[in-house]
Amino acid sequence: MIVFAIASVTSRKMLRSVIYLLFVLIGIAGIFFLIDYNFLAAIQLTIYAGGIIVLLIFSVLLVHHIEMELEIAKTTKQLLTGSLCLIGLVIFLITIYSYDFKEVKNHLTTSTVDIGTKLLSYGPGGFILPFEVISVLLLAIMIGAIIIAKGSKPSNKNNSSI
Amino acid sequence: MIEGISIQEILTVTSILFFIGIYGFITRKNLISILISVELIWNASVVNFVVINKYLFPDALQGVIFSIFVIAVAAAESALAVSIIVNIYRQLTSVEVKDVETMKY
Chain R
-8 MIVFAIASVT SRKMLRSVIY LLFVLIGIAG IFFLIDYNFL AAIQLTIYAG
42 GIIVLLIFSV LLVHHIEMEL EIAKTTKQLL TGSLCLIGLV IFLITIYSYD
92 FKEVKNHLTT STVDIGTKLL SYGPGGFILP FEVISVLLLA IMIGAIIIAK
142 GSKPSNKNNS SI
Chain A
23 MIEGISIQEI LTVTSILFFI GIYGFITRKN LISILISVEL IWNASVVNFV
73 VINKYLFPDA LQGVIFSIFV IAVAAAESAL AVSIIVNIYR QLTSVEVKDV
123 ETMKY
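For the record, the sequence lines run as chains R and A. So in the numbering used here, spot 140 of the first sequence is number 131, and the numbers just go up one at a time. So in the numbering used here, spot 1 of the second sequence is number 23, and the numbers just go up one at a time.
There could be a bad hint or two in this list.
Claimed, not checked - Here are the simulated EDC-like pairs of lysine to aspartate or glutamate, each with C-alpha atoms no more than 20 Å apart in a straight line:
hint: 1; chain 1: R; residue 1: 65; chain 2: A; residue 2: 121
hint: 2; chain 1: R; residue 1: 96; chain 2: A; residue 2: 81
hint: 3; chain 1: R; residue 1: 141; chain 2: A; residue 2: 99
hint: 4; chain 1: R; residue 1: 96; chain 2: A; residue 2: 25
hint: 5; chain 1: R; residue 1: 93; chain 2: A; residue 2: 31
Calculated from the structure, these hints are not laboratory results.
Work the whole structure out from these sequences, hints included.
Shown next, in the form of structure tokens:
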């Protein structure tokens, strides 16, 4: 998974990096299956691997010529960013390993019914309000995406090359 | 929880994923590649939510529900970003970051 993640940010061909991202997402769905959250793994597989990857592939194919290689950043900038990320990672790891997690041994399996009742409950700790808000958000995003992608006429300056 | 794997190991994997995403976000020069890096960062945070919920508070469900919301917002965001990218490509015939320099055309 880590190898594919590195490959997806360093590959110079657009389509390949999207496919590497697909493998990373499938690996994450595997983690969800291993810790017994089957519903979440199904969501991950359908929304990410099914939806977002297809969207990205379509946009890559619309926008790019497949053979075209991307230009990459300067080596100094890459090294600087890489070393900064390594420093941040080391700080994260020190924090993680010095904190005393109180793990609870369990083998509970969360069923979809529990998630559904929690998501729609009115009582304390229920999530009905964010659920409604996110449904309105998705509707707004859908309309907005259609309007933006429909767009206006392309500007005259670039008309010939389209 | 997974037998024989502690929470620290999974958190290590997710933080490596997170920093790979940040590295890609800074070094790539293409809008779609930046979108891919943002997806990596989202996924690292989602796995953190779920793993902490499972290992430390197995009776609660808040982590799972939050990660469902995070996934929904990520899907919405990437759909909007792809439509913006297609629109930019129509106007500029390029999706490189350096060509997108004014917000008003």
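Each hint, compared with the structure:
{"no.": "1", "hint": "R:65 to A:121", "verdict": "holds (17 Å)"}
{"no.": "2", "hint": "R:96 to A:81", "verdict": "holds (11 Å)"}
{"no.": "3", "hint": "R:141 to A:99", "verdict": "holds (17 Å)"}
{"no.": "4", "hint": "R:96 to A:25", "verdict": "holds (9 Å)"}
{"no.": "5", "hint": "R:93 to A:31", "verdict": "holds (15 Å)"}
The structure agrees with every numbered hint stated previously.
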